[in-house]
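Peer 1: Those protein sequences? They're chains Z and U, same order as listed. Here this note's numbering is used: the first residue of the first sequence is 14, the next is one more, and so on. Here this note's numbering is used: the first residue of the second sequence is 14, the next is one more, and so on.
These aren't lab readings, by the way, just hints derived from the structure by calculation. Accuracy of the hints is not assured; some may be wrong.
Any copy, or any two copies together, can satisfy a pair, since identical chains are not distinguished.
Calculated cross-link-like contacts (lysine to aspartate or glutamate; reagent style EDC-like; alpha-carbon spacing at most 16 Å) [said to hold, decoys possible]:
no., residue 1, residue 2
1, K153, E38
2, K153, E62
3, K229, E166
4, K17, E56
5, K237, D220
6, K242, D220
7, K168, E214
8, K236, E212
There are 2 protein chains.
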Amino acid sequence: MELKVIAYARNGHTDKFGIPRQSREESPILTRIVFEPEYNVPEALRGIEGYSHLWLIWGFSEVDSWSPTVRPPRLGGNTRMGVFATRSPYRPNPLGLSSVRLIGIENGDLIVSGADVLDGTPIYDIKPYLSFSDSHPDAKNGFAEETKDYQLEVKWQVEGTTSIAEDKRYGLGLPRDTKDAITYILAQDPRPAYQDDPEREYKMDYDGYTITFSVKKQVVVVKKIEKTKK
Amino acid sequence: MELKVIAYARNGHTDKFGIPRQSREESPILTRIVFEPEYNVPEALRGIEGYSHLWLIWGFSEVDSWSPTVRPPRLGGNTRMGVFATRSPYRPNPLGLSSVRLIGIENGDLIVSGADVLDGTPIYDIKPYLSFSDSHPDAKNGFAEETKDYQLEVKWQVEGTTSIAEDKRYGLGLPRDTKDAITYILAQDPRPAYQDDPEREYKMDYDGYTITFSVKKQVVVVKKIEKTKK
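So here's chain Z without its partners, still in its complex pose:
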């Protein structure tokens, strides 16, 4: 089957580094689904506002080979699991699947939260989430069970500041939404799994900002935030 791109995702994730590893209900990160001209038909969305959640089927960018086994980052990056037992991109067909919360419709675009996708990700299908067939709250999560609540604490220590107000004093004017989003992303621990060097400084781009941080024990320290250089 030849898939047609029906829409593209637009969000602050301009950098692969930092994309959450799964969609999560509580994610504050907004994504705009912008339909391609051929599929930008208002009637095709009729009734969609009755649903609180949607499915997105999308394509992993830059993946062109698969591997029977992969090393899930959450297992430390050294344990090999079957690719069909993971949500890894390195699958025979590099399709991603994310349940997202529907926030609204704006100028024919869908606004959703919780999509774990890169800015510019091609979308192949959008379906309503049906709780009676899609929801299995007691499902057994295999090796992902132990890691599902894994989260870091995030401390903002940007040039001695810790609050939005203070950030503003430094002329950053960081919107609260953006700060919440960055905090959320860092709490998910974007580091490659096999790295645990408390001295190391990481840089991540999000929504026009470049964030510098380090991770010591279970705490992320945000050290610098600046407008991303184009």
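Using the hints, position chain U against chain Z.
Peer 2: Same frame as chain Z, but now just chain U:
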């Protein structure tokens, strides 16, 4: 993106008529996922038995056009909804999505229950179900909400018989699993939605049997069951 078929579904649904309209946890219908030679690699399933549920992404057969609006059978077949607000096959990319229960692995095949797919359906991806990102038990189900518990009563009145034992007396030797599966399918009301003629006799093929039934008010009456003529 060009999708490769990684496996085919094998089950008793040799007839499009009778396929449940969504996957359901309680479905007794078994499907065998048979991998294509290239993807029949035991290591690719390593760790999958730790999951109770899986996602299948599959292709609707014989669909080669889409429509911005469709008439969901559960709304009586007269109300038009946007295709992205439905799970209709007539989508830009005719992909199906089903959560299924993993029953086991047998000779390299996956055995699952609850797949709402035709025998021979091409499978494009298999992913583990992750309750912490995929399960939203309180999701609002739009227009599907009212119809989710819709179910008919099923009465077996095959030549005066009502039990398996009696069926056997007539030389049918209908396995209990098959009878359970047929009962389950008929309870879902396989009739086209706009039909409500109590005199009409319907025929459905399932797992080598042809079943004749009629529907009066909310009761399905199974009238005849015979080996399907090849």
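Peer 1: Now tell me if each hint is right for this structure.
Peer 2: To see whether the hints hold, each was checked on the structure:
no.	hint	verdict
1	K153 to E38	between (19 Å within a copy, 14 Å between copies)
2	K153 to E62	between (31 Å within a copy, 10 Å between copies)
3	K229 to E166	within (10 Å within a copy, 61 Å between copies)
4	K17 to E56	neither (19 Å within a copy, 31 Å between copies)
5	K237 to D220	within (15 Å within a copy, 64 Å between copies)
6	K242 to D220	within (12 Å within a copy, 63 Å between copies)
7	K168 to E214	within (14 Å within a copy, 69 Å between copies)
8	K236 to E212	within (12 Å within a copy, 76 Å between copies)
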